[in-house]
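Asks: Next come the chains, spelled out residue by residue.
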Amino acid sequence: MPISLTVNGTPHTLDLEPEMPLLWALREQLGLTGTKYGCGIAACGACTVHLDGRAVRSCTLPLSATEGKSVVTIEALAPADSPHAVQVAWVARQVPQCGYCQSGMIMAVAALLADTPAPTDDEIDARLTNICRCGTYPRVRAAIHEAVAMRAATVPTDAAAGTGERS
Amino acid sequence: MNKWTRRTFIGAGTIAGGGFLLGVAGFALAPARHAVVEPAGPGPGQLTTWIRINADGRITILVPHCDMGQGTLSALGMMAADELDADWAQVEVIEAPGVDTYANGYLARTITGDHVPAVMARGFDYGMYKVADWIGLMVTGGSTAVRSTGEFGMRVAGAAARQMLVDAAAQQWGVPARECQASQSVVRHAASGRQATYGQLAEAASHLKVPTSPTLKGPDAFSLRRTSAPRLDIASKVNGRATYGIDVSLPDMLYAAIDIAPVQGGTLQSVDPAPAMALRGVKKVVSLPNAVAVVADSYWRARQALAALQPVYTDAGHGQVSSASIFAAFDAAIGPLPEMPADATRVVRAEYRVPFLAHASMEPLSCTAQVDDTGARIWAGVQDPLNARTVAAKALGIDRERVQLTNHLLGGSFGRRLPYTFDYIELGVQVAQQMSPTPVKTIWSRETDMQHDYYRPAALSRHAASLDASGRPLIVRVAFTGDGDGEALAMPYAIGKTESTQKESAHHVRLGAWRSVASSQHGFFKESFIDELAHEAKADPCDYRRGLLSTSPRALAVLERAATLAGWGTPLPEGEGRGIALCDSFGSIVAEVAHVRVDAAGVLRVLAVDAVVDCGDVISPDGATAQVEGGILFGLSAALMSAITIEEGRVAQRNFRDYPMPRIKDTPRIRVEFVRSDAPLGGLGEPAVPPIAPAVANAIFAATGVRVRALPFTQTPLRKA
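Read top to bottom, the protein sequences are chains A and B.
Counted from 1, the first sequence has number 102 at position 102 by this note's numbering; the numbering is strictly sequential.
If you count the second sequence from 1, you need to add 167 to reach this note's numbering.
Honestly, the hints are just simulated from the structure, not real lab data.
Every residue, glycine too, gets a C-beta built ideally from N, C-alpha and C.
Hints are supplied without guarantee of correctness; some may be wrong.
Some chain B residues flagged as far from chain A (calculated, every beta-carbon gap over 10 Å) [what the hints assert, rightly or not]:
| hint | residue |
| --- | --- |
| 1 | ASP234 |
| 2 | ALA256 |
| 3 | ASP334 |
| 4 | LYS384 |
| 5 | ALA402 |
| 6 | SER416 |
| 7 | VAL438 |
| 8 | PRO456 |
| 9 | LEU577 |
| 10 | GLN601 |
| 11 | PRO604 |
| 12 | GLY638 |
| 13 | LYS670 |
20 Å max Cα-Cα, derived EDC-like pairs, lysine to aspartate or glutamate [unchecked claim]:
| hint | chain 1 | residue 1 | chain 2 | residue 2 |
| --- | --- | --- | --- | --- |
| 14 | B | LYS832 | A | ASP81 |
| 15 | B | LYS832 | A | ASP121 |
| 16 | B | LYS832 | A | ASP125 |
| 17 | B | LYS832 | A | ASP122 |
Construct the entire structure; sequences and hints are all you get.
Replies: Structure representation (structure tokens):
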């Protein structure tokens with residue numbers, strides 16, 4: 001039974017096993033390799049994508065759970081000519097080192113800011129559990145605060161509090 | 168310190184469209200007062216660095232190193248571009264292809280043997296990877312890229328190209344070259360008001376005689392170095408476009424999942440392929456001497472099918488080995504704690520131990536290969552493309568010239584993808600050979616990656632010291648197992664007499680180079696023991712070290728700055744403490760002060776780390792800071808939580824649940840400062856790792872009175888019962 005879902009705004013019908021994790025369908029069937037395989041057990045977060053706006057770990061999410069839903073990957077977090085505030089802050093703070101975990105990290109942070117527009121350090125600690133082996137965490141934290149500050153400076157307050165930032 | 172001179176072989180040529188191409192060949196270095204050694208001249212294995220200037224002004228700098236997150240391409244590009252006086256916005260830096268022309272092992276030869284600047288003599292010694300073995304390789308490792316390729320390759324290339332461009336302009340204008348100024352990719356003649364861009368001058372420059380010993384800038388003239396110019400690789404790493412080895416895709420490519428004999432050295436005895444072949448998408452079950460792989464039309468299908476198999480392996484006679492038995496053998500090999508003279512009055516003895524460690528790079532190992540009648544093509548991420556080609560050629564039984572390798576970004580590495588650790592290439596090409604001519608991407612699961620690493624050695628180290636009446640060490644003796652080389656006693660401190668003995672205690676666990684190599688364990692041993700001596704001497708740990716550094720002014724300056732930065736000596740609440748550690752590795756001196764809290768239940772939290780570094784000059788301050796931050800967190804993983812243990816001959820840990828990693832909640836506030844000195848450039852990828860574990864251990868002692876002598880700290884109750 002094929003599975004129908006929307007990926008980065010485009011509808012797809014995938015004739016794949018319902019238990020196949022979304023990660024491998026994205027990477028191999030749809031060629032979206034920005035989403036990474038890190039552990040396969042939802043422990044590291046390198047595979048984080050948005051499912052109907054929520055951050056999910058695609059390496060353990062069966063395709064069957066995506067039926068009729070909307071998936072957004074790092075490739076479509078924002079248009080190339082108008083990057084997401086998190087991406088802008090990531091460049092400003094020169095966050096990535098090897099970069100392998102950063103797609104998942106950025107997707108997790110974008111989802112965090114969508115429901116918690118100005119997280120405290122404690123909230124960041126509690127909500128952001130992605131692993132970065134290079135040790136970019138100090139810059140991740142600084143960049144989150146910078147993204148919040150940038151949005152406060154450029155977006156009207158009521159819009160910033162909503163979910164409108166995920167273009 | 169001798170003054171070092173650079174002699175180079177440089178070749179230049181014109182490229183289509185009127186551009187300019189310059190290559191710098193083998194280097195010979197010698198103290199200025201000695202004869203300069205002339206290399207035989209450019210040839211295979213000697214060209215190292217290229218600069219290309221197109222007529223439109225675009226500049227391409229080729230760097231013979233890989234990027235695994237350490238920012239090497241940007242830093243080396245900056246070193247060349249600064250000497251070139253290039254407009255950084257027009258510069259592209261790319262990794263040189265993995266062909267002999269770019270072998271950088273030649274560079275290492277300039278700093279071995281009689282020509283080793285003293286400060287660089289250590290840290291090149293990579294345990295089993297002696298630098299002599301690296302000749303003819305194209306290695307990124309040992310924190311060497313900036314201080315060897317950069318200092319002796321990139322700078323010379325940039326300076327030579329600049330001189331040729333200026334000479335070209337001077338000739339065109341009929342003015343003396345010394346009256347011309349280069350800046351931001353433009354040459355100007357102030358008196359006449361004339362100017363020309365590098366692009367306009369490129370072709371003319373390419374016809375000029377190449378300077379054999381171009382003048383390098385003095386530090387005061389640096390215009391790009393010492394600035395935090397943005398790294399060139401960041402943009403692609405925030406939008407998913409960066410392509411790592413695991414991301415390679417080829418038409419009609421198949422995927423393989425692989426299972427390797429769980430006990431190192433074991434072989435595949437039997438496997439029934441039927442359960443896998445019955446599953447959707449499966450093409451073949453490939454039996455190899457020590458592994459079985461399933462090839463399918465998707466990695467997930469291959470992996471499901473692999474899980475359906477029940478391969479039987481031998482254990483090569485190691486099935487009874489455990490971490491406990493390995494440490495028991497260490498204990499027997501080392502024997503009792505080192506003896507001290509009978510008349511020694513104040514003797515301190517201590518024993519430390521560390522476990523095996525996995526690299527656990529975020530990108531699991533992978534190898535994509537296509538094998539056909541013409542040879543093999545490989546796409547992967549490696550720290551040495553040349554040795555990887557050799558390994559593949561040997562596995563396939565073909566000539567190395569018939570193996571091509573396209574290197575990709577490495578999703579971390581930390582020493583896992585060095586020469587002589589290319590099992591993932593060897594297995595990958597063997598699987599692809601079975602499917603010839605179809606390309607196959609073999610991906611190691613996280614579990615396979617973790618259980619088949621080349622591990623940081625487990626080690627046991629026994630220390631003894633005698634102190635004089637004032638508490639200063641008269642004798643320090645160390646006996647240890649595990650890798651060590653010169654690191655066991657390499658300390659900046661004035662100690663009357665030091666002796667170390669490395670004991671052999673062989674086991675079957677594969678060992679490799681883990682970020683900071685032998686310093687990762689010996690830094691912990693040495694700087695914990697010095698702290699114990701300070702305690703015996705009833706001295707403040709920082710004062711005690713200071714008192715032993717009268718002949719090491721660089722180390723003293725680093726120590727004192729770190730203490731000041733961290734507010735050493737200011738009061739802390741109950742249950743909190745500071746610890747300091749000072750390590751000299753890979754040519755750089757690093758002091759770190761850890762501030763910890765241990766609560767009533769014995770739960771440890773590292774609150775803050777202040778790090779001060781003397782790596783000579785700093786090329787890219789922001790990139791350098793990132794390396795120090797990352798090194799601290801890498802070392803914290805080993806200090807706080809990570810350990811590989813052996814049970815029934817095999818690695819017990821499988822994934823991040825039982826080999827945990829620090830997360831953002833575990834991350835202390837980190838402050839990094841650099842002390843600029845006139846010392847030769849030091850490495851930065853590794854030197855921040857060794858001091859953090861002892862700094863935290865010493866802070867725990869200050870906070871609780873509990874001395875932690877084993878890593879990770881989770882093994883030791885941090886509150887006295």
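Asks: Against each hint, give a clear statement of whether it holds in the structure.
Replies: Each hint, compared with the structure:
1. ASP234: Violated, since 8 Å does not exceed 10 Å.
2. ALA256: holds, 15 Å
3. ASP334: holds, 37 Å
4. LYS384: Consistent with the label, B:LYS384 stays out of reach of chain A, its closest Cβ about 25 Å off (over 10 Å).
5. ALA402: violated, 7 Å
6. SER416: Violated, since 7 Å does not exceed 10 Å.
7. VAL438: holds, 22 Å
8. PRO456: holds, 26 Å
9. LEU577: violated, 6 Å
10. GLN601: Answer for B:GLN601: holds, closest chain A Cβ roughly 21 Å.
11. PRO604: With a cut-off of 10 Å, B:PRO604 remains clear of chain A, as the shortest Cβ separation is near 21 Å.
12. GLY638: holds, 37 Å
13. LYS670: holds, 32 Å
14. B:LYS832 / A:ASP81: Judged against 20 Å, a Cα distance of about 33 Å means the pair is violated.
15. B:LYS832 / A:ASP121: holds, 9 Å
16. B:LYS832 / A:ASP125: holds, 4 Å
17. B:LYS832 / A:ASP122: It holds: about 8 Å lies between the C-alpha atoms, which stays within 20 Å.
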